[in-house]
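So the protein lines, in turn, are chains U and H. Taking the numbering used here, the leading residue of the first sequence gets 1, the next gets one more, and so forth. Taking the numbering used here, the leading residue of the second sequence gets 1, the next gets one more, and so forth.
Warning: the hint list may mix true and false statements.
Not the full set, but computed from the structure, chain U residues with beta-carbon under 8 Å of chain H [stated by the list, open to error]: (1) Thr-14; (2) Leu-20; (3) Pro-21; (4) Glu-26; (5) Thr-27; (6) Leu-54.
Here are the simulated BS3-like cross-link-like pairs (lysine-lysine), alpha carbons at most 30 Å apart as the crow flies [claimed, not checked]: (7) U/Lys-2 x H/Lys-157; (8) H/Lys-137 x U/Lys-2; (9) H/Lys-146 x U/Lys-2; (10) U/Lys-2 x H/Lys-126; (11) U/Lys-73 x H/Lys-146; (12) U/Lys-73 x H/Lys-145; (13) H/Lys-155 x H/Lys-145; (14) H/Lys-155 x H/Lys-137; (15) H/Lys-12 x H/Lys-146; (16) H/Lys-8 x U/Lys-2; (17) H/Lys-142 x U/Lys-73; (18) H/Lys-145 x H/Lys-8; (19) H/Lys-89 x H/Lys-56; (20) U/Lys-2 x H/Lys-12; (21) U/Lys-2 x H/Lys-145; (22) H/Lys-142 x U/Lys-2; (23) U/Lys-2 x H/Lys-155; (24) U/Lys-2 x H/Lys-122; (25) H/Lys-137 x U/Lys-73; (26) H/Lys-126 x H/Lys-89; (27) H/Lys-157 x H/Lys-137; (28) U/Lys-73 x H/Lys-157.
No lab work stands behind these hints: they were computed from the structure. By construction, the Cβ of each residue, glycine as well, lies at the ideal position given by its N, Cα and C atoms.
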Amino acid sequence: MKLLVIDEEGDVLTLHADDLPDLGVETARRASHVEPGLLPGSSGWDVVLSDHPLNGEHAGRVIARDVPINQRKRALDLEVQWLQENILGG
Amino acid sequence: MSHFSEIKMQIKSVEAAVEALLAMGFTKDQIEVHTTPRQLYDHQCRPTSYAFKDTKDQRFAQGDVAHVIVSRGAMGRAQNDFGIYVDPKGGDSRIFLCDFARSCNVDCVNNPVAKELGGYSKWLSKFKQEYSYTVTKNHYAKMGKKVQRVQDGQKVKVYVSA
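Isolated chain H, as found in the complex:
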């Protein structure tokens, strides 16, 4: 009597998010981690407030804030800050990646993995996969289990030893 488990990914671990960012082409010195979420800025150094404008989410009533930040300079030319907000109460996380970053030419992209993928839109999908893989790998490693990763088209299959 098995049950299918469908898990909607939420970023809950700052440590795993940082590990995934490192795997996805950023360097340690490009990643800021803040215990108290910090304001994000656009390419002209103006504080952004897209989350509240888009969703009226009260957590962002004072502006877009994030616990994990890659500065606009590290992202590329004319980019806004990239950020990840991790809800301390276990609620929805939020990833901030501006519209320009999702659609811009690779000439405006500094991250080598994103360049290879053709931009930050595909990079973001791969980052989410990498985050889920990282959490899974670390979780089972702590239990002494072996994990094997297999890329199958656009999906990642993770086999865990018994």
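Chain U on its own, in the form it takes in the complex:
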């Protein structure tokens, strides 16, 4: 489930997708990294938050580590779920 948050000025915060509505001027910046072997001792997919200001005190936080290499979609789902629940406030 996708989440879009509309503030009092009508401005929108969400996770980027190519099918977003044409609401205005969009600025997209990296929220997190999903890479194999990003963390020491890991050979699977690691999910780590970026230093985007919206991540605040969570910058650099590990969301998931060593997700089996044949389960990239699971790693991506974990990433989106965490961001939506904890940063977007879903």
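Using the hints, position chain H against chain U.
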């Protein structure tokens, strides 16, 4: 590898603006839509030119003009016209709501939603939210997706089915 998208709202759709105005308490007969933007007038029927005076925006060098207009009479006592200019080239839109409307007592307000909110200042914020929600809802509906709206304090959360 997700990216945050921060979208600065611009009014690009006249249809969605009208739909949002209807949701925010105006009636169909109170909303004018003009293919060519029309001059706005103040409460004394004088053409206004605030945009050019304030910003030197050349689009308004001949006066304040808008594609969507709610007349001063529908707005309330001693009000100017309310207007929305939608840039045909996709540039910045502009909403015209006079200073008096933003600060006046609710006795000078005709719109029932604005009355309930305590005036046109809060109404304007809600209108902008409503516009963004309307565009979002219509966009995903066309794609066959379900949209759920949840009010969370001052924010509107929109959940879209996968």
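(request) For the pair supplied as a hint, H/Lys-137 and U/Lys-73, confirm whether the alpha-carbon distance does not exceed 30 Å. (result) Measuring from Cα to Cα gives roughly 27 Å; hence the hint holds.
(message) For a C-alpha distance cap of 30 Å, please report whether H/Lys-137 and U/Lys-2 respect it.
(response) 13 Å, holds
(request) Mind checking the alpha carbons of U/Lys-2 and H/Lys-126 for me, to see if they're no more than 30 Å apart? (result) 22 Å, holds
(message) Does H/Lys-145 sit within 30 Å of U/Lys-2, going by the straight-line distance between their CA atoms?
(response) Since the Cα atoms of U/Lys-2 and H/Lys-145 sit roughly 11 Å apart, the hinted pair holds (cutoff 30 Å).
(message) Given U/Glu-26 as an interface hint, is its Cβ closer than 8 Å to any Cβ of chain H?
(response) With Cβ-Cβ at 5 Å, under 8 Å, it holds.
(request) Please verify that hint: U/Thr-14, Cβ, nearest Cβ of chain H, below 8 Å or not. (result) 5 Å, holds
(request) Sort out whether U/Lys-2 lies within 30 Å of H/Lys-8, counting only the CA atoms. (result) 19 Å, holds
(request) For the pair supplied as a hint, H/Lys-142 and U/Lys-73, confirm whether the alpha-carbon distance does not exceed 30 Å. (result) 27 Å, holds
(message) Holds or violated: the hint that U/Leu-20 contacts chain H, with Cβ atoms closer than 8 Å.
(response) With a minimum Cβ separation of about 6 Å from chain H (threshold 8 Å), the hint on U/Leu-20 holds.
(request) Would you check whether U/Thr-27 satisfies its interface hint, that is, whether its CB is within less than 8 Å of any CB in chain H? (result) 5 Å, holds
(message) Let's test the interface hint: is any C-beta of chain H closer than 8 Å to that of U/Pro-21?
(response) Hint on U/Pro-21: holds, closest Cβ of chain H at ~4 Å, below 8 Å.
(message) H/Lys-157 and H/Lys-137 were given as a pair; does the straight-line alpha-carbon distance stay at or below 30 Å?
(response) 12 Å, holds
Hint compliance for this structure: every hint is met.
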